[in-house]
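Trainee: Chain residues, written in single-letter form:
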Amino acid sequence: MRELSFAQALNEALAQAMETDPRVFIMGEDIGVYGGAFGVTGDLVHRFGEDRVIDTPIAELGGAGAAVGAALAGSRPILEFQFSDFAGLAIEQIVNQAAKIRYMLGGKTHVPVVFRMPSGSGTGAAAQHSQSLEAWFGHVPGLKVIQPSTPHDAKGMLLAAIEDPDPVLIFEHKLLYKIKGHVPEEQYLVPIGKAAVVRAGQHATVVGSAIMVHRALEAAEILAAEGIDIEVIDLRSIRPIDTATIIASVKKTTRLCCIYEGVKTLGIGAEVSALIAESEAFDYLDAPIMRLGGAESPIPYSPILEKAAVPQTDIIVAALRNLVKGQS
Amino acid sequence: MRELSFAQALNEALAQAMETDPRVFIMGEDIGVYGGAFGVTGDLVHRFGEDRVIDTPIAELGGAGAAVGAALAGSRPILEFQFSDFAGLAIEQIVNQAAKIRYMLGGKTHVPVVFRMPSGSGTGAAAQHSQSLEAWFGHVPGLKVIQPSTPHDAKGMLLAAIEDPDPVLIFEHKLLYKIKGHVPEEQYLVPIGKAAVVRAGQHATVVGSAIMVHRALEAAEILAAEGIDIEVIDLRSIRPIDTATIIASVKKTTRLCCIYEGVKTLGIGAEVSALIAESEAFDYLDAPIMRLGGAESPIPYSPILEKAAVPQTDIIVAALRNLVKGQS
Amino acid sequence: MTSSPKKPAPRTPVLHPNVRPFYAQHSPDELKEALRRMHLVRKFEETAEDSYIRGLTHGTMHLSIGQEASAVGTTMSLRKTDYITSTHRGHGHCIGKGAEAKYMFAEFFGKEEGYCRGRGGSMHIADPESGNLGANGIVGGGLPIAVGAALAIKQQKRDDVAVCFFGDGASNEGAFHESLNMAAIWKLPVIFVCENNGYGMSVSTKRSMAVANVADRAPAYNMPGVIVDGNNMADVVEAMMVATARARGGEGPTLIECKTYRTRGHSRSDRNKYRTKEEIEEWKLRDPIPHFVNELISHGILDATEADTIEKSVDAEIKAGFDFAVAGTNPTPQSLTRDVYAREIV
Amino acid sequence: MTSSPKKPAPRTPVLHPNVRPFYAQHSPDELKEALRRMHLVRKFEETAEDSYIRGLTHGTMHLSIGQEASAVGTTMSLRKTDYITSTHRGHGHCIGKGAEAKYMFAEFFGKEEGYCRGRGGSMHIADPESGNLGANGIVGGGLPIAVGAALAIKQQKRDDVAVCFFGDGASNEGAFHESLNMAAIWKLPVIFVCENNGYGMSVSTKRSMAVANVADRAPAYNMPGVIVDGNNMADVVEAMMVATARARGGEGPTLIECKTYRTRGHSRSDRNKYRTKEEIEEWKLRDPIPHFVNELISHGILDATEADTIEKSVDAEIKAGFDFAVAGTNPTPQSLTRDVYAREIV
Ligand SMILES: Cc1ncc(C[n+]2csc(CCOP(=O)(O)OP(=O)(O)O)c2C)c(N)n1
Ligand SMILES: Cc1ncc(C[n+]2csc(CCOP(=O)(O)OP(=O)(O)O)c2C)c(N)n1
Ligand SMILES: [Mg+2]
Ligand SMILES: [Mg+2]
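Top to bottom, those sequences are chains A, B, C and D. In this text, residue positions in the first sequence follow the working numbering: the first is 1, and each later residue adds one. In this text, residue positions in the second sequence follow the working numbering: the first is 1, and each later residue adds one. In this text, residue positions in the third sequence follow the working numbering: the first is 1, and each later residue adds one. In this text, residue positions in the fourth sequence follow the working numbering: the first is 1, and each later residue adds one.
Think of the hints as simulated: they come from the structure by calculation, not from any bench. Keep in mind it's a predicted model, so treat the numbers as computed, not measured. Don't be surprised by glycine CBs; every beta carbon is placed ideally from N, CA and C. Some hints here could point you the wrong way.
[Claimed, not checked] Beta-carbon label-pair distances, calculated as ranges:
| hint | chain 1 | residue 1 | chain 2 | residue 2 | range |
| --- | --- | --- | --- | --- | --- |
| 1 | D | S313 | B | G193 | 32 to 40 Å |
| 2 | B | A248 | D | E344 | 18 to 26 Å |
| 3 | B | A248 | A | T20 | 54 to 62 Å |
| 4 | D | E279 | A | G49 | 53 to 61 Å |
I would like the entire structure built from these sequences, with the hints used as guidance.
Mentor: So this is what it looks like as structure tokens:
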């Protein structure tokens, strides 16, 4: 079974898409000879040339707008933001243009663009380089927002995003780039909008995404030793969100905890909680719906504080034990 | 009792703040001789001069950054975005700078800036001029986000925002500018972070903000005739959010409906629902938590579609009847 | 090279002994069609304004009355496969690129028959079929989009161009800087057409820029910056002939600044407090349409009766378009979320 | 007006018969202090780099080694009440504006004693007390902030200035355009200092701009654009003398482009694939520090032993600062949300 890192899986998806579809090209800051700030584009510029692997000036708004325009003109652009935080400079093009153009034009056109969003904390890069902004874009009709947690899904979901006729944002947690896992060599699609039950359990449902899926699985292993049986769902897609899978799980386990790195308030866990609280699963709930989200602060530099700012495995273990056993 | 329109109340707040505090100034597009796109600044340029009522070029990022810089240098800037949609161009300065500078500098400075955000639909201005983005900013630690629904609160909360040492965004629903109400002549503060129970009721709690408070009250009146007694809470502040007031109400009424104009998914109703679902009030709930939010689409131009895109009174009435009586 | 008015315009303009390139290189039919479109823009907007005043439509509306020469002059010789990105003041660009008034009216009235099926409205009327990538409610929003369209053109090895419309006010947006820089370093086939009507809403260029002309900013991108009388068809078209030849030839972008004026307010809510009646009246005397009619007549391309026929035919088209729109179908609330995505979410 | 080296610099530079203004108008003590600060910047960064390599700190780090003349030269004559906005490569600006190495080290090590109490780290080290409004992790983020600070200065009728540091890469951001335009139309006391080290991360200015110099963009804002050898203290300081005099005198902003080079990689992850060893070595020969030492000696302001003494004193300060930082206090997790707001949320 061939293993690749998350970053290598993304690189392979980009390479295969460019090989099979001449309309596909990638652009971004330092994605050429530098190979990308996180090494995802690697040597693609040498394989596909500077016309299809384009180093942009440092101009996020212009870069995003150029991607939108190229998509409208029949190309298939993939724009890498060096850090998802910098997309804050391009919100106008992503949200006011890419997300709305098709609708504003009555469906007479569409915008097949992919925005790659390296995100999350844990690298000591502090407040302006560590945000998790997936909830923002999940709030925007016209966009699709995905967040793979494994190398396998990273490749399959990026290929699905490139093949999708609508604008897709793929959030790539920086701490995942180096993790390894099985990745098939052929091109394959992992559908957008489908969550995955990555661990079956009886006592509680944990819904998480990206790095939090791994921490949830660690926590589940620890709790298994105590006879607490946790079901873990990898959300994978923020918009559209796979409500059915979560409802089915909660009906079975009767307990729900949402774990996410983004700021707790108005983060993705708020939506997951509300979806269940308004659903038929509400009557099955045996406990309040728990949320473990990022702290109500910017991400600090100090490693001690940075760790404290997002849910860590020990915290998750204690919280789930409390959820199931009702103990603190 | 003196009556002023919502817009006049804001104008009076700006004028009084500038009279009493020489550090206060306002800037924005067409706020001078034009008087503001919605007439809020009116004739202030004639009263306070072009040095304190500054027409900026059409440059939202630069304007917002200039406001941040002026705040850091000891002034008290108030920036008007002509439409909150255009703040999408200035997210970088609002979210990466204004919200984080104090924290990144270890509390050694602070950023007393106010951003005025005319928002919402109902004016036929279509997808790029009608958004309700309060949820986005409510997700950002370091910012305060308020959303008054009456002329009285508009004046008092804007004065509180100007007096506040931290960055505050005030969302002004365009359909409210013309509504009239009692406004005291003196300067007064309506505290940021406190919701208001604007109608006491027994059978269900409705939490809304801005224009939705008015529709909720209309709906409550209609339902009162059927013997359904609705409690209406005006959220007023999105960040910080007044959880205690909502919890107390839900414990009493045992039913909750959140009504908001922003897109339903990941909108403010998601947070209100999740706050209750994780709280001690959960055990008091006799029904799933209901959300009535904006449609999962951009705001369309056609008046028929535009109406259908956000909760209207008739929809609210039917939904609340269903919530209380369990009928459809 | 030829000056025969029958032949279509060659790729680069040619100076004719006694006729300027615009007249030398466009056939009478082309010139008359240009005039017809100018009338169409004018009368479309006058009728739209009238419907608005009569309360037949809602929302807002930005009229380009007085700017028809720049809108039609820049678009009249474009191919269908060329692109434009338009603005909030885009009715003229839309018609210039080949849109039909009836579908524009239908959009303006929020009907399913409209170009945007009633979803877009006045500020977003656009016909993608004709290469119009969209009007834009965001000032400067179309600038990087045009650059991207030109990038795609280059990648697809086409010799089409992207024409990017924007105003003087938009040139103060960061998007202007980022877009012109990218177009310049990548030598893209973009023509940046700045319709400088002297004001960004209420703020004059004197108050919003430190230079006298938007074109004075072109050297910062090592790009030609051309200033023309935006109310003079011949001036506008000849600048476009040079710029499009440059762009199609792979020589890169050009910035054309059309000096013009909007004789109506910025939008419906404008009380014109920031300018004088005199200024407005003075510019009304420089109306591009009669000026063009007179030039056509003086060149013997048109006579008074023909001029009248053209105007009458436009009146008829407008009337028919208006009736078509009024009789159109309203969208149903059930169709609200249709077309949010090209692939409906499962 | 005087040329006596004892007196502090007068507001406007004066040409001395045979000594250039920089030497004529700064006292030996001022000049030696400038040298000391250049050493301090260099040695702070070398020590920081070493700690990083030894795994004593985490995160990333952007070194300005080779750029000390522009950092210190632009800041040495500023008042405490003048402002600067700095960048991700801001250690030099911070020290130039008067910060102490020990508190910078403490920040670098994430300690409560640090300038940002360990919340900011290398990319955000700043001492607001000394008029440093902050380093910035967002390229171009400080540009409009400096404009706003200058706007406040003007409103408060002060004659202070705001110095805005940014790189060649940042000059391609829309924020550059919007900021220079606002500063120009409002005649604000801002000095835009572009430290052009030839690259924005891996992309050379040849690939990211269509003009040869960032200063070539100044005319678009009707602003003076001055180009100086950024590795030559005298050149940098004299350009600043003129610009600050202009700004304090209410004559408006200036753009100064310091041509320089970073001899280290962009950040820790840089493998220098985009430039040649030869280029780096060539620039190392143009190291601003020995060049300045030689000039001071040739002007008889410094002798070899004194030069050595200064360097030794800096070594001691660095050593002490490093030890201070290592011995510092780690923040407690409980303090995580402290200082998010100035007025704690009730
Ligand atoms: C980003 C943005 N800022 C502000 C506005 C509001 N607005 C609409 S048109 C306009 C003036 C634009 O001026 P200009 O670019 O000169 O075009 P003109 O209206 O003169 O044709 C303004 C401020 C907007 N729509 N988008
Ligand atoms: C808005 C934004 N885009 C990209 C980055 C990533 N980044 C950090 S520094 C840098 C290069 C900046 O180049 P320049 O302005 O020339 O400054 P230099 O690093 O050369 O000192 C880049 C691309 C960022 N921090 N912020
Ligand atoms: Mg204009
Ligand atoms: Mg550089």
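Trainee: Checking against the hints above, which ones are violated?
Mentor: 1 and 4
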